[in-house]
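K.L.:
Listed here are the chains, written in short residue letters.
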Amino acid sequence: MYRHSVEIIENKKIASNIYKMTIISNHVAQTANPGQFIHIKIPYDESLLLRRPISINGVNRDQNLVDIVYQVVGKGTKILSHLVTGEKLDILGPLGRGFWIPKGTKKIYIVGGGCGVAPIRFIGERWNHLDIISFLGFRGQSWAYQIDEFEKFSRKVFLSSDDGSIGFKGPIVSLLDKQLSIDKPDLIMACGPIPMIKALQKTLIKYDIPCQISLEERMGCGIGGCLVCTCAIGSKNNWNYKKVCTHGPVFWSEEVILDGEFETKC
Amino acid sequence: MENLKLNVNVAGVHFKNPLIAASGTFGFGLEYKDYIDLNQLGGISVTGLTLEPRKGNPPPRIVETPSGILNSVGLQNPGVEYFIESVLPELKQYNTIIIANINGNSLDEYCHMASRLQQADIHMLELNLSCPNVKQGGVSFGTDPKMVYSITKAVKKHSYQPLVVKLTPNVTDITEIALAAQQGGADAISLVNTFLGMAIDVKTRRPVLGNITGGLSGPAIKPIALRMVWQVSKVVDIPIIGMGGIMTGQEVVEFLLAGATAVSVGTANLVSPNSMIEILNELKNYMVNNKIFDIHELIGGLIV
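From first to last, the protein sequence lines are chains A and B. First residue of the first sequence? That's 24 in the numbering used here, and the numbers climb one at a time after it. First residue of the second sequence? That's 235 in the numbering used here, and the numbers climb one at a time after it.
Don't take every hint at face value.
Stated by the list, open to error - Here are the in silico distance ranges between beta carbons for each label pair:
1) A:Gln53 <-> B:Asn515: 26 to 36 angstroms
2) A:Gly193 <-> B:Asn515: 50 to 60 angstroms
3) A:Asp209 <-> B:Glu324: 30 to 40 angstroms
As the list claims (entries may be wrong) - Here are the computed lysine-lysine pairs in the DSS-like style, where the Cα-Cα straight-line distance is at most 27 angstroms:
4) A:Lys225 <-> A:Lys265
5) B:Lys289 <-> A:Lys265
6) B:Lys267 <-> A:Lys64
7) B:Lys239 <-> B:Lys518
8) A:Lys259 <-> B:Lys289
9) A:Lys265 <-> B:Lys326
10) A:Lys64 <-> B:Lys518
What the hints assert, rightly or not - Anything over 10 angstroms on all C-beta distances counts as not near chain A; from chain B, calculated:
11) Glu298
12) Glu315
13) Glu324
14) Phe429
15) Thr438
16) Leu514
17) Leu536
Calculated directly from the structure, the hints in this document are not laboratory data. Even for Gly, the Cβ is constructed at its ideal location relative to N, Cα and C.
Only chain B is shown next, with the shape it has when bound in the complex (with noise of 0.2 angstroms):
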């Protein structure tokens, strides 16, 4: 089982193996670490960032649907100032790669905060264009092809590190927007983000996300995330990082087959502080079953 290659390369990044901890459900990645070896994760990408600290929306945040979950945190934050004097040094001491998700109101915040995290330690940058859970910025700059290609190529300017945009699922047609974040310079993509959902109570008539809207994840998604990673990784030439609701190894063989170069990992954190080395164990006796020996002998090996 040693042998086995599980290293992947994204946009000139090594990850020790595929797996990515997704922003918004491991923290700093150092909540979690008394219950796992952070080290071995392939990469954390770290709990949405903003220019200023942010509040994050009103309770209730969270509620459980079917095989899945509707959250509305809304991106709370101690800002990106923060986050690089208090938080990076420690979380450095990890042999781990660091995403830093930025989310802005504006092209400028945006740009702003690539600039400030050039000269910090962080390994990739993830352009957040698909909040469904804040009213500025988010996703309404993600649905629009124009507006992900020029907020991509304003942003690459400020970027030192590669640059992974995050897309959001909520559009008419994925490979659009996929293809406008190439355009733009994106080295790499990633998607899907969570779809815009409602719960309703109806004893109280009321919604039950004091957002009343929310992102859904969890197993309810997988199957349309990764029809949407399939469709987009025929149309790019970028490494995508496939992510939607997976929570075994056998679905980050599925993602990798579509075309996924790396995959995240979500909910599943949610669900148990350690899924993620579950994931790894199943991936790894999954390739030892079937005598794979590299990864790469997966990565958009669907046969169709």
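Only chain A is shown next, with the shape it has when bound in the complex (with noise of 0.2 angstroms):
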């Protein structure tokens, strides 16, 4: 069963807004990939319906512990950053499509901003074996969090924030840009709020380099059933509406259509 109660061990706050959980789950340790999530009902207010999708931050298999870090944006994620030690969550995972390595890559860059920092770093634990090079964003320094973890499984952590505050002032896509143009990777993977997806997106138009990116989308049921969380995927010309949750939440960066109206005729 996918659906289980697990118990929380540590539940912090690591920057401005931004906490992280540690639970217990035999099942989301052992099994979970990069980029999957897991779907939490929210405690103590029965009129908060929906679960909310946190992505898996990383795991630790040999003590089945899961990390999850979130930001308080409200009612329901402000429940979560009060829970304690020993409080259960009914949480429904890992699920949807994670991140994949098609075979024969050496060398990635990661890409993450803000909260989308968090799901990039299961890259790099998981997958540490390869040369991987890191593109950190965030708001400010009292926003940045876990930049140590990545030190660990990077060649080289690149920083930048919007108020220079740490690392290179302005958009994180402007520094792998850069880098892009000294030296390509097998493939990058993305996560972050759509502005960075989008000018991402932009950049990739000059380079042929493969790029996975990882989507946010308000979700209902979380498992393909109820079509609320989708985006559309495919060319300008050909594209359908994808579901996040079981399609995604990873999809190849040049089918995701962000810009645009894409108002049915039908």
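Fit chain to chain and form the complex, with the hints in mind.
P.N.:
Structural data, given as structure tokens:
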């Protein structure tokens, strides 16, 4: 059963408005892949009906521990942030189709922005035999987290922030662009806010490098039944709404259509 | 507990228990097969079908509101042919009632779909005159008693299977619409579909949903849905499938007491994939605890 009750081992603030929770789950720890998420029922408030999809930040298979990182944005995540060690959570997961490493991949660049840094860490942790360069973008110093974790598996970590308080002042994709003009990886993997993903797609037009991106969308059931978490996938002239929960959340960057209007005519 | 009589008969169709997965919340059922035993369900009303494949509305398509959910999926589906050829054969391997929910832009489309499904191996046809998320058809048909009467009458001529007409609550007098469906020849009525609503993001001053408006479901609408089922049950002679925010077994009992013969569970499926099994167990426990051995003791049993 993918739905189970798990115990919270630790729940702590790691940056401004950002929390890391560690739960114990044999099933998730042993089966989860980078890019997958767990779907959490918010306890203590029955009026909050929908589960919250939160990506997996890393696992410890020896101790069956699972880390998730989340930002407090509303009532549900606020309740999550108040939970303490020993409390239980009702979760579904691991769900979704995560990142994958095509055969022959040796060198990867991983790109994360804000909350999107969290799932990217799991990539480096799982596939640390690869040659990895990390690109992490934050709003500023007080929003930055887990940089030391990335240093463990990265040949180099590039940092940027909106206000210049940490690393380069400006978008992280600018740093990526500069690095790509010097040296190209076999694969790029990214997660971050929509403006970052759009900038990344625009930059990639210049280079012939495959890129996987993880998308976020407001979600319902999480298992492909309700069709609410869709994103336009395909080419400009031939696209369909695919389910972020089960077809994704990871898609090839070139297939993801984020611009323009997709009002249907039927 | 095993001696409980849970089976109900809706327009000649035998359901092993009164719980039906509501259209649009349960995919084609198969999405849930890894999570629950579909054989335990009374029935499945599959996701809303249209004559041609339909992309649906632009995202975002869902927003949580207090004790409710607004959705604006807009009938994304692969079309009736795909359903018959590629979905139904696998779905038919399960021992549960299959209801095809059909949606048209015109009278012709509804009739065309009914004719096509006549030859398909489904148990019931649900005529959806109530989708709030499409520009043509849907709720615009379901709010006019004359239109409800004429579409029901026309589709009935083309349908071999018993015909359920699904009603919208976005009307002044639901009984008028229910009577129109009955006069048109409906074999059963299902109600309610979602209430038209909206949510606004005050930071961006934009609607949260890509479609601007959406359909509200969940516990927030349950008292209104229950009232409408009760009102309709007093005026029609055909069976009612009641729905609207059912999350527990006790709420199933409320709808049965109000006059529903069976119920549909919708929003609860989005909360947890095994919600219907939990609700079924709660219903059984209620019956045992209250010494009710036949579900028919509850149907229409409201004391006023």
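K.L.:
Where does the structure disagree with the numbered hints, that is, which hint numbers, in rising order?
P.N.:
11
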